[in-house]
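Start from chain A and add chains B and C according to the hints.
Protein chains in written order, with our numbering: chain A, 1 to 301; chain B, 1001 to 1429; chain C, 2001 to 2305.
No lab work stands behind these hints: they were computed from the structure.
For clarity, every value in this text was computed on a predicted model and none was experimentally measured.
You may find that some hints are simply not true.
Said to hold, decoys possible - The calculated DSBU-like cross-link candidates involving lysine-lysine, where the alpha carbons are at most 35 Å apart (straight line), are:
1) C/Lys2161 x B/Lys1241
2) B/Lys1423 x B/Lys1112
3) B/Lys1324 x C/Lys2161
4) B/Lys1112 x B/Lys1128
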Amino acid sequence: MPSPPVAVLRHRRPPPAVRVRRLARAAFLYAGMIVALVVVLAPFAWLLISSVAEPVDLLERPLRWIPAHISLNRFVDLTVGSTPDDSALGFRAAFLNSTIIASTVTLVSMVVGTLAAYAFARLRFPGRSWLVLAFMATYMLPPIALILPLYQIMSSLHLRDTPFALIIIYSSFVTPFVIWIMRGYIESISPDLDDAARVDGCSRLGALWRVVVPVAAPGLLSTALLAFLMAWDEFLYALIITQTNASKTLPIAINDFIGRHGVDFGLLATGGVIAALPPVLIAFIFQRYIVAGLTAGSVKG
Amino acid sequence: MSTPTTGHRSRRHLVALLATVAIAAGACGGGASPSAGPVTLHALFMKQAAYSDADVKAMTDAFTAANPNITVVPEYVGYDALHDKIVTDQVGGSGLYDIVLMDAIWPAEFVKAGIVTDITDKIPADFKSGVFDSAWTAAAYQGKYYGVPWINDTKFFFFNKKMLADAGITAPPTTWDAVVTAAKAIKAKGIVQYPLVGSWKQAEAIICDWTQLAGVMGGASFVDDKGNATFNTGGGLAALKFMKQLLDDGLMNPASLGFSEDDVNSTVAAGQAAMALNWTYGYAVMNDAKQSKVAGQVDVVGSPGEGRVATSGVNGGMSLAITKNSKHPAEALKYALWLASQKSQEMDTTLAFPMWKASFDSADITKANPAFFAAAKVQFAGLVARPVVPYYTKLSNALQVAIQTALQGKATPEQALNDVAAKLPDLQK
Amino acid sequence: MSGLARARLARARASPWPETWVAAAFIAPAALVILLVVVIPLGRAAWMSVFDISLVRPGNEPFVGLRNYIEQLTSGDFWAATARALFFTVVSTALELGFGLALALLMSQPLRFQWFLRAIIILPWALPTIVNALMWRWIDNAEYGALNALLTQLGLLHEYKVWLSNSDIAMWMVIVADVWKMTPLVAILLFAALQSVDRELIEVARVDGASGLQAFRRIVLPLIMPVVLIVLVLRTMEAFKVFDIIWIMTGGGPANATQTVAIYAYQTAYQGYDFGRGAALGYIIALVIMVLAAVYLRLLGRTGR
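So here's chain A without its partners, still in its complex pose:
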């Protein structure tokens, strides 16, 4: 029989040694994947289980992983009902505050930041490059350096216990972030688009609004999502500035919960799950945009 062509030779079954190595490699990789999945998901699972388990089950020794009794009572209490000391009211107020503050901050910083980003990307003026760096520097300033004077300023302006104070403060570090990312996005859009619009009679602002924004829409969405998550997560400024339910944000409510319900682990878990839902859902659903934004923001600048 004539020897088979080279191409066919290559597709013959590889020798056993290689096959074993490949199998071992695959097994190793799949095992790694399982480990990764377990490590990532297990803590979430436990938090969820704790939030629906009866207190009696949580304090059981030895611990049973699947609780004997499941109860959604605490979820109901926190979302629509009440807890004996009105902390549910405070929790819901904090949830509302966080939503209002994060949304407003996102809106303000996106508008203000995109305007500035456009200027940095398209316009030529003295001091442009170091001004960008200065803005970036403010984003990176650690809050600990600013909390003292901000506390005093807000106190004397009688703004301490208002959402307004936090909106302003958060905008101060979210805006540079927006500028940073949007500048990159706008620079990647050809200036010819702007020119075309301006030839048709648009002002710079008009060009931005009519042409650049629609094209940069995915980038805008990414940045907006990241801005929202940033504002939702902030803790230190809120700790200093807020006082009562009028302005407390969700992270502070959780902090209070720990102080007031220290031994009620189930209630803490429930509060944690509710507080985590918005950002986790947003991140999960809009993953692609968020990852794109993160990459643009950190790595590409």
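Coordinates of chains B and C only, in the frame set by chain A:
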């Protein structure tokens, strides 16, 4: 818009005149007279030990029913956050609260910082004589009173009778030596792994326990009149050594170093400890069938003594202070006196003892738990105070770190306490 | 472009306003916000840091020059706190980079259910910092925590152990919580970087006889090194100023075992009521961060922006 008729106009003038007179009359009455309009009081309480928020709500509802023009907005924080919240609110802050719960260790600091008002002259005579002296000590600084006493509390000794009985102990221990013996017996029989549990987290809680122990082990006056440290010798050192020994011998639950008073309750309630010190409210929680596995098995006696000292109790009293920034000090005082009245306090005696001597003599009140009331009467007669100095918070913070360092074996008790003694001049600034 | 179009364009571009003015108008709102909330407070903090201000001693605030700074820089407590911050930074960043790279490599393998891994990997990062801290505090609970339960049920531990109230272990538990949350971020960024590496380069190397490891070391690693460096600097900056997660999990304890420099600054200001020293501390920390930020921006510039 139609022009008002002549009749209307003159009536409006009359109303304006009357209003002006009313306002003037009100204003002329001096600062102590209540204003005519509705008043809102902001009150800051703690959610921890002593009266529960349900209790406070009951007392407050009765108050607002009797005083319809006053609304009270209560707020609760954990004890550990209470001090900081008061200071940041009042000093350089917005001064939201009219009435705050003031712990026994804060009058000196608060008076120095100008946070609370002197109410010595405004207290009714029957309050002065009817309330235990130890409760008044908690609100006093340099001979004047800055709060209406409200909570008179100290740490009692709780024990699980069944566990003790199973180990062959029929009478509750009355000295700390006896406690150690009992604990060893319980541990040896395998009844529970760690017979003792304590609220020894790095917070004021651990200072309370340490002080109470020092009270019977050599004295708990930690700083002498000249401002020198005495806690690193005598009672303070002995108490710390004792605490370390309990941990080393495996008698005290090592997790205690992270426990609050609530955790102590739940540990005993879960049947994981046989004996513990805690505030009055522990009794109700540990014997509550809804949350305790050992309901009915927990009994209480006065804190154990040692040597020649029969018992000691740390003064954990708290008073209601009127803040200097309050715009309605008169109403706030009224509310405070209401909360502290014998009637209010007798509404619920399971979580906190009334501070009225008369309550202890009333069979109606004491019948709920005669032995406990009797023990409390004895203890309240001789409570130990922590240093009443303006720099107490700084001293306490330093001591907390030192005590925990020693208990974790990172330094000897002597070293740890001596370090704080060396720092004392700095803290006093 | 035709001459006519060019002329029209030139006319359109020649606006009555000088470009600088237009730029100023566009940037003004952002600048205003930042001026109000950053520049003014920074100035005020500088002012506060040269006085001896104690909240509980109102009215008595002497000027002390650089005393607050010198005092802190020569204070054992400050350096201990800085050392702890450095420990946290080095260990958590190293772990995040190591695990992150491993995860990124795993995510780029052709495996079944890869879509699932890639989809859920973002979740820990998305969890709010406070909830993450709360969750791990609960897991590490000495009496009822899942960690103790798991380890004893698996037979790895003889009896329940105290994790967060133990000076020796507390910092490690905080690091675990932070690494769990942040590794996905590193993994995602490195994964993106890996995806941009040209597959052909690796193929060629494999054909030439290089093993997987060699191909990785000689080809892939240098190509993704810029991203690795940037992630390194970013994480270092974040880790050094860490506050939230430690505050919730341990409050700086036990016995100051987890008291990093940011926590130390906060406690000085808000529990010692010492605003002068607190402001000075804030500046010192900010300086360190700014140095790191300069390094970051330099690196960014070099990766060919």
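Checklist entry - In ascending order, which of the hints set out earlier in this document are inconsistent with the structure? => result 3
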